[in-house]
Amino acid sequence: MSEIIDRDYAGEGIYRENILDHYKNPRNFGNIENFDAEYHEFNSLCGDELTLQIKIENNLVKDIRFFGKGCAISIASSSMLSEEIKGKKVDFAKNITKENIFNLLNIQISPSRTKCALLCLEALRKLIKIYKGEK
Amino acid sequence: MKMEILAKQLDIEKIRRDFPILRRKINGNNLIYFDSAATSQRPKTVIESIKKFFENNNANIHRGIHKLAEESAFLYEEARQKIASFINADTEEIIFTKNTTESLNLLAYSLFKDLKENDEIIISEMEHHSNIVPWQQLAKLKSIKLNFIKIDKEGNLDLNHFKDLLNKKTKIVSLTHVSNVLGTINPIKEISKLVHNNNSLLILDCAQSISHMKIDVKELNTDFLVFSGHKMYGSTGIGVLYGKKHLLENMNPFLYGGDMIKNVTFKETDFNSLPWKFEAGTPPIAEAISLGIAIDYLNYLGMENIEEYEKYLTDYLYKQLSKQKDIRLYGPKNRSSLISFNLSNIHAHDVASILDSEGIAIRAGHMCAMPLVREILKEPALCRASLSFYNTKEEIDKFILSLNKVRLVFKNE
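Chain order of the listed sequences is A and B. For the first sequence, numbering that gives the first Met the number 0 assigns the number 0 to the initial residue and increments by one for each residue that follows. For the second sequence, numbering that gives the first Met the number 0 assigns the number 0 to the initial residue and increments by one for each residue that follows.
Where hints are given, some of them may not hold.
Derived Cβ-Cβ restraints for the label pairs, each shown as a range [stated by the list, open to error]: (1) A/Phe41 to B/His65: 47 to 57 Å; (2) B/Thr264 to A/Ile129: 53 to 63 Å; (3) B/Lys397 to A/Glu121: 29 to 39 Å; (4) B/Lys188 to A/Asn102: 58 to 68 Å; (5) B/Asn344 to A/Asn94: 31 to 41 Å; (6) A/Lys131 to B/Thr264: 57 to 67 Å; (7) B/Thr235 to A/Gly12: 47 to 57 Å; (8) B/Lys410 to A/Asn94: 33 to 43 Å; (9) A/Phe41 to B/Lys149: 23 to 33 Å; (10) B/Asp314 to A/Ile129: 18 to 28 Å.
The hints are simulated quantities; they were obtained by calculation from the structure and are not laboratory data. Just so you know, even glycine gets a beta-carbon here, dropped at the ideal spot from N, CA and C.
Sequences and hints are given; from them, build the entire structure.
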């Protein structure tokens, strides 16, 4: 019990150099002109908004872009995720897990920030469903 | 009389000792709790009253013939009396609910039975979701028009727009007393006159005002008034609906079941008299009793003293925040004890996370007022610092200093 209550969540420690770097200079930020699928995700808890677009060729993620508003954690995880899956197989993108995202961020995410970190993953999963449904 | 009240200063150090949680350390720092608008902390007397009830008196109310049942019912009804005199109402005009949201739903569902197609309801752009969604959803069922009073640039209600909206078809006006986002204190006496001259009903959401200023239902002349226990130093799970007796008598119950009946046959039911007509099922008895204890505590401090001290704190916080060039404040200068703000280029969640690492608890998000925050203020999220009489000037100083840490982390110096 005391361990749960007094566990020192990273606090400002989550704002590591690379997190802030991805926040201030997000990779793959913007639009794809002729995307194959687009998905808009909204986190009503924080007001974060994220639009993901994907371009697929030969079953590979040819391009992935995102834009929207969000906190440092939400933007950084979107940015890192986009780097992770770009150029990879669609199935690889489809099988990304929560743990993969936490590993990419490499910081301790408190329960109250989990939604911020995983917004991009929810959007990605729905995006791929939309893509597969269309095909 | 007035002199006596003003002469009695609050002993803040002593008050702080009444709130055990204020001894908590968060990440090695003393807790600075600036989130009382979300839920206040509880004094020892309130916490102990719940334990005491379960250890000594616990039984169901209005049913048993035994001693404990009598004691429980007595304590429950005594709490109702305390609440009634706290807002200058009659005891039978006080109905226990779960919270402000349930009180508003009770009103919406019960009053809607008498509304006809093309009737109109007025609320405002600064309402909490609990005073938007029930009306919005029920309005759809009956083709009833829901109008929103605009707010001006300062964050005050546009009363001219309100006058334009009022018309013969307006049956209900439901407004917040104090905005939980902007801190605006709405001019209820003036609004009440306009509403009643128009033969409409006035509902007042006092969730954000009840623990900060003296509320008198007769002075405000409101038909209904709602609030939650947990924002006024009581427990969660208990809320209040006040209604003028003659109105409540003519309204249908919202929830049906045990305790709200006088006589039940397989074919028909006679409803109980006020206030029990609206209290179906076993209520949160301990929570209701502890709300009475919270009111004892507020009376002991004196609402005038609370208002005076919190105004001093709020003015100080406003002044300190106004000095910061990269901070945008939302709402009017003259306000209740909460301030919403944003630091430029830093998301509210990041501000809250870094302040949390310093032991400072603030709210970050849309404050359950998405239409206001997103559509009017055009922000994805806001930070909100909300104060209580257990806060101090020193805590505000530490909070202001900690904002530098936020800037430092984001290299926004």
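Each hint, compared with the structure:
no., hint, verdict
1, A/Phe41 to B/His65: 47 to 57 Å, "holds (54 Å)"
2, B/Thr264 to A/Ile129: 53 to 63 Å, "holds (57 Å)"
3, B/Lys397 to A/Glu121: 29 to 39 Å, "holds (37 Å)"
4, B/Lys188 to A/Asn102: 58 to 68 Å, "holds (60 Å)"
5, B/Asn344 to A/Asn94: 31 to 41 Å, "holds (35 Å)"
6, A/Lys131 to B/Thr264: 57 to 67 Å, "holds (59 Å)"
7, B/Thr235 to A/Gly12: 47 to 57 Å, "violated (32 Å)"
8, B/Lys410 to A/Asn94: 33 to 43 Å, "holds (36 Å)"
9, A/Phe41 to B/Lys149: 23 to 33 Å, "holds (25 Å)"
10, B/Asp314 to A/Ile129: 18 to 28 Å, "violated (52 Å)"
Checked against the numbered hints above, the structure breaks hints 7, 10 and satisfies the rest.
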